[in-house]
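Given the structure of chain A, go ahead and fit chain B onto it with the hints provided.
From first to last, the protein sequence lines are chains A and B.
Be aware that the first sequence starts at 1, since it is given in the working numbering, and climbs by one per residue.
Be aware that the second sequence starts at 102, since it is given in the working numbering, and climbs by one per residue.
Keep in mind the hints are simulated off the structure, nothing from the lab.
Every residue, glycine too, gets a C-beta built ideally from N, C-alpha and C.
Any given hint might turn out to be false.
Unchecked claim - Straight-line C-alpha distance at most 25 Å; calculated BS3-like pairs for lysine-lysine:
| no. | chain 1 | residue 1 | chain 2 | residue 2 |
| --- | --- | --- | --- | --- |
| 1 | B | 219 | B | 151 |
| 2 | B | 198 | B | 253 |
| 3 | B | 144 | A | 96 |
| 4 | B | 144 | A | 93 |
| 5 | B | 275 | A | 96 |
What the hints assert, rightly or not - Looking from chain A toward chain B, a few residues come up when the C-beta cut is under 7 Å (computed):
| no. | residue |
| --- | --- |
| 6 | 44 |
| 7 | 46 |
| 8 | 48 |
| 9 | 49 |
| 10 | 91 |
| 11 | 95 |
| 12 | 100 |
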Amino acid sequence: MKKVLLLLSMAVSMPSAALLADPAAASPSLIEQAEAARKEADALGFEWRDTAKLIKHAKEALDKGQKEESDKLASLALLQGKAALAQAKSTEKNWKMMIPK
Amino acid sequence: MKKTLQKRLFTGALVLMTAVMGGQPAHAAVNKYQAMVAADVKKFQAYFHKEFPDVKLDEFANGVYALDEDARKQWKEMEEFPPYELDVEAGKAIFNKPFANGKSLASCFPSGGAVRGKYPYFDEKRKQVVTLEMAINDCRVANGEKPYPGFKGDLAKVSAYMAYISRGQKIDVKVNSAAAYKAYLKGKAFFYGKRGQLNMSCSGCHMEYAGRQLRSELMSPALGHTTHFPVFRSKWGEIGTLHKRYAGCNDNIGAKPFAEQSEEYRDLEYFQTIMSNGLKFNGPASRK
Numbered sequence: 001m002k003k004v005l006l007l008l009s010m011a012v013s014m015p016s017a018a019l020l021a022d023p024a025a026a027s028p029s030l031i032e033q034a035e036a037a038r039k040e041a042d043a044l045g046f047e048w049r050d051t052a053k054l055i056k057h058a059k060e061a062l063d064k065g066q067k068e069e070s071d072k073l074a075s076l077a078l079l080q081g082k083a084a085l086a087q088a089k090s091t092e093k094n095w096k097m098m099i100p101k
Numbered sequence: 102m103k104k105t106l107q108k109r110l111f112t113g114a115l116v117l118m119t120a121v122m123g124g125q126p127a128h129a130a131v132n133k134y135q136a137m138v139a140a141d142v143k144k145f146q147a148y149f150h151k152e153f154p155d156v157k158l159d160e161f162a163n164g165v166y167a168l169d170e171d172a173r174k175q176w177k178e179m180e181e182f183p184p185y186e187l188d189v190e191a192g193k194a195i196f197n198k199p200f201a202n203g204k205s206l207a208s209c210f211p212s213g214g215a216v217r218g219k220y221p222y223f224d225e226k227r228k229q230v231v232t233l234e235m236a237i238n239d240c241r242v243a244n245g246e247k248p249y250p251g252f253k254g255d256l257a258k259v260s261a262y263m264a265y266i267s268r269g270q271k272i273d274v275k276v277n278s279a280a281a282y283k284a285y286l287k288g289k290a291f292f293y294g295k296r297g298q299l300n301m302s303c304s305g306c307h308m309e310y311a312g313r314q315l316r317s318e319l320m321s322p323a324l325g326h327t328t329h330f331p332v333f334r335s336k337w338g339e340i341g342t343l344h345k346r347y348a349g350c351n352d353n354i355g356a357k358p359f360a361e362q363s364e365e366y367r368d369l370e371y372f373q374t375i376m377s378n379g380l381k382f383n384g385p386a387s388r389k
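Same shape as in the complex, but just chain A:
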């Protein structure tokens, strides 16, 4: 009985394998998130001019080991991708209101 209780207490107190894993590896990277947002905006015809370039430069920076620079560029690309998506939704809903009187 004591052995069973000991094993149970160990199991509860030990962190799971999932929790021990690198959080960055478990979720999509900034580059992946930016690329997903870019693709979504592109499919709606609203991709911005520089988003793909920012992602390309972010990948190049990562390949050179410049993680901080890569994250900075990828964050900007993600911001652009999300803004383009918001723009697409807003335009689809409101374009008729933009017709000058």
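Only chain B this time, still in chain A's reference frame:
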């Protein structure tokens, strides 16, 4: 029998009355799409007449040179020896040059290629807008040739030649079906919709800012935009298509440009050309 006759007489009288009283052709009254589009054209052109009461409708075909006297003088001087002259000559040679199968572009187009006024149109079988440049490439592909690439070069040159020999043809683009109206609406949504990093629209610059200074440039009015392409732009140093200009505008506002002859640009050209119904084609032209 009596009721049928009465119904027919009533319908006939209604169509006749609408035609006479509205001053519109009878088919416009019975074609709901054409009627909706005609109302849009009326509003669109009225906007520019209100903004520029001294500019006559035909003059809008000259773009910004209809609005600014100094720029017009410089443009008139440039047109005495037009920079697109050699491109028109080259386009004529391309138009008549035989393909490998012995046929040529001349085999595909009636009236010796003076058909600018028939484009763009909505092809009811293909369910899409067909532009002149698209028809040129369709002809090449149908005859076993590769389509011309890009926004410039031979495609622009042959289009310039066809525009040149079509000068004076009236714009009268129709919308005769639900599918055509859908393409028209897509073009309309593109024209008025904001896009790109600067969150700007075609109408923002070329309606609300038309005739006003944006940095060093005077904004051209959207009315008449499609009459004079292809255009030899000093900035480009060569002749280019309307879609090249669209791509340049999109790039300027921080939006990813679409491809030459993409559905988006063909629908936009369709909408814009319809808005200029009643004007005359006067391409090619020279621009800054």
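### Message
So, against the hints stated earlier in the document, which numbers end up violated here?
### Response
1 and 6
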